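A.B. asks: Position chain B relative to chain D; hints supplied.
Heads up: the sequence lines are chains D and B, in that order. Residue 101 is where the first sequence starts when you use our numbering, and the numbers rise one by one after that. Residue 101 is where the second sequence starts when you use our numbering, and the numbers rise one by one after that.
Hints in this document: simulated from the structure, not taken from any laboratory. It should be emphasised that the depicted structure is a prediction, and the values quoted were computed from it without experimental measurement. Mixed in with the good hints, there may be bad ones.
Partner residues are not named here, just some residues of chain D that face chain B (Cβ under 10 Å, in silico) [to be verified]:
1) Met-122
2) Thr-126
3) Asp-130
4) Arg-169
5) Lys-285
6) Glu-310
7) Ala-311
8) Thr-339
9) Gln-371
10) Val-372
11) Ser-379
Residues of chain B placed beyond 12 Å of chain D at every Cβ, according to the derived structure [to be verified]:
12) Asp-111
13) Ile-125
14) Pro-129
15) Glu-141
16) Lys-143
17) Lys-153
18) Lys-175
19) Asn-216
20) Glu-337
21) Met-344
All residues carry an ideal CB built from backbone N, CA and C; glycine is no exception.
There are 2 protein chains.
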Amino acid sequence: MKIAVDAMGGDFAPKAIVEGVMSAITEFPDTEFQLYGKESEIKKYLTTEKNIKIIHTDEKIESDDEPVRAIRRKKEASMVLAAKAVKEGEADAVFSAGNTGALLAAGLFIVGRIKNVERPGLMTTMPVMGDPEGGFDFIDMGANADNKPEHIAQYAVLASYYAENVRGIKKPRVALLNNGAEATKGSELTKATYELLSQTADINFVGNIEARDLLTGQADVVVTDGFTGNAVLKATEGTAMSLMSVLKKSILGSGLKGKIGALLLKDALRQVKKELDYSSHGGAVLFGLKAPVVKTHGSTGPEAVHHTIRQIHTMHESHVIPDLVAYFEEEKVADNAE
Amino acid sequence: MKIAVDAMGGDFAPKAIVEGVMSAITEFPDTEFQLYGKESEIKKYLTTEKNIKIIHTDEKIESDDEPVRAIRRKKEASMVLAAKAVKEGEADAVFSAGNTGALLAAGLFIVGRIKNVERPGLMTTMPVMGDPEGGFDFIDMGANADNKPEHIAQYAVLASYYAENVRGIKKPRVALLNNGAEATKGSELTKATYELLSQTADINFVGNIEARDLLTGQADVVVTDGFTGNAVLKATEGTAMSLMSVLKKSILGSGLKGKIGALLLKDALRQVKKELDYSSHGGAVLFGLKAPVVKTHGSTGPEAVHHTIRQIHTMHESHVIPDLVAYFEEEKVADNAE
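One chain only, chain D, in its complex shape (with noise of 0.2 Å):
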């Protein structure tokens, strides 16, 4: 496969991001990767040139810029001329640690939903608490600020194709966000998310799940609207942030007793850190259009751009995404015939 590598995004752009592509290629050899970018800076970290295309461009997108003008001004910035590599057939996916809007952006205008599917939504892999290996698919996070129960409902097919083909789950279970666990509860949108959802005969619709138990592990996937999405896991990064920094300050605080604490409890800490890092399920997938775009955080570094890689490459291998486009297709097909 082909990915297109969007190499000037992000905080440690492209350091980060080519030294990534350098570890991930070593485990995936059949794949080409297309870095758009400086081609001076990008040389700097490059160990191999095969299978590696440098594409140079001196624009790029930065973290502030207002993302849909960006898209249609910087025609040559390295994450445009990668989305446009995929939309000509040049690549099979995009990947970037850039402006998260401006990729959003990108996706919707250059690469292209699939079609009827109405609105794309960004989903990550979010963590379970107490259990390593174990995570669940979250959509949309974000990428929509408003959502009806039809876009949700898909939201569901195409998170139940990911989680069963990308992280192999069988069956998996799929949850409603929602103000409670019993089915009558909601907010006008969730009720009638819900009612959909039950009549959806591909998913294994498992009912509702509360925020609170969201890092349980009571569902392999929860769908929900774009603004509660975004609203949820911000509160969940921010308490965990916050709580992580009054610990550390505690101990800090606390004198030679909380010092030599701190030190021998510096395992458990590390592990708890781990717990809540994500990044090794890979970065967030705008989902619903023709091709895989993946973002990870800004401030990733090679280890994660090697996941993210990882991903992409699953994603590819396990045709999941053409998969969706015939099922969408049918779904259209069969909705006319009835």
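C.D. replies: Positioned in the frame of chain D, the structure of chain B alone reads:
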């Protein structure tokens, strides 16, 4: 003042409730406590009968009762009688640690809304990490599943009055929970709400806040719709609980070295737990009603009951509710005059 206490609500009722009242009574010798519930049970925990009135009833609302039905059918339940006492002017406020939904229903249908307040919201003072004295008032935490911009603008006024008069914060900074900090960000609901908050004269609106910054003390009041508020609150609680549990497990599982570390670190962990515990600010207020209707966690102990009684007492002393009644009355007069 007179406080109607549902002595039978909560997991440890009536013991925890009555002990909390006994603890509070020395701080507030001017206050009459009306204890609704099983007289023989309540009497076991009384250390004084001064300013105590027991109103015996055998009926009570269970934690799994369907709220609205329970309120309508269990007419002699301790919670219902406590709410009725406020309605009939025999008490100034209701306190319960029982079924949240039932207390919301009792508040709405028995105590009643402030005129022109459309949808009372559930409000709690949440903690600010690293600042034990800090806190922000978060409303609506989930009294409503669907809110309109007008409701959220009313929450901003209600909570500003509370922050200023009950918590003593001058010109409290009011922020809107949103999916981005910029003014242009948001869903249809939050964009319209932002517009409305910008035009609300009597509040100090400081713009959007993201869920990841909630616990960092950037605002004194944070307003949101009840669905999002509920999701964010539960995500925060769930993450904190999961994290503490992973940490505990890691410590116990890491052998002697870890156990010694845990012992030494006890103070630091206790500090974190203390910072997360926001019960010192009192309970959750169903705000927008004609009287204070206040709820604490079902698992509440005597100390949290005492704190909540202090909160109710301050609400009464500060005249925050009569002031709000006058405010919303005038608002409507002004609206009609336009």
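A.B. asks: Now tell me if each hint is right for this structure.
C.D. replies: Here is what the structure says about each hint:
no., hint, verdict
1, Met-122, "violated (32 Å)"
2, Thr-126, "violated (33 Å)"
3, Asp-130, "violated (38 Å)"
4, Arg-169, "violated (12 Å)"
5, Lys-285, "holds (8 Å)"
6, Glu-310, "holds (5 Å)"
7, Ala-311, "holds (4 Å)"
8, Thr-339, "holds (4 Å)"
9, Gln-371, "holds (4 Å)"
10, Val-372, "holds (5 Å)"
11, Ser-379, "violated (17 Å)"
12, Asp-111, "holds (17 Å)"
13, Ile-125, "holds (34 Å)"
14, Pro-129, "holds (37 Å)"
15, Glu-141, "holds (31 Å)"
16, Lys-143, "holds (37 Å)"
17, Lys-153, "holds (36 Å)"
18, Lys-175, "holds (24 Å)"
19, Asn-216, "holds (24 Å)"
20, Glu-337, "violated (5 Å)"
21, Met-344, "violated (8 Å)"
In summary, the numbered hints that this structure violates are 1, 2, 3, 4, 11, 20 and 21.
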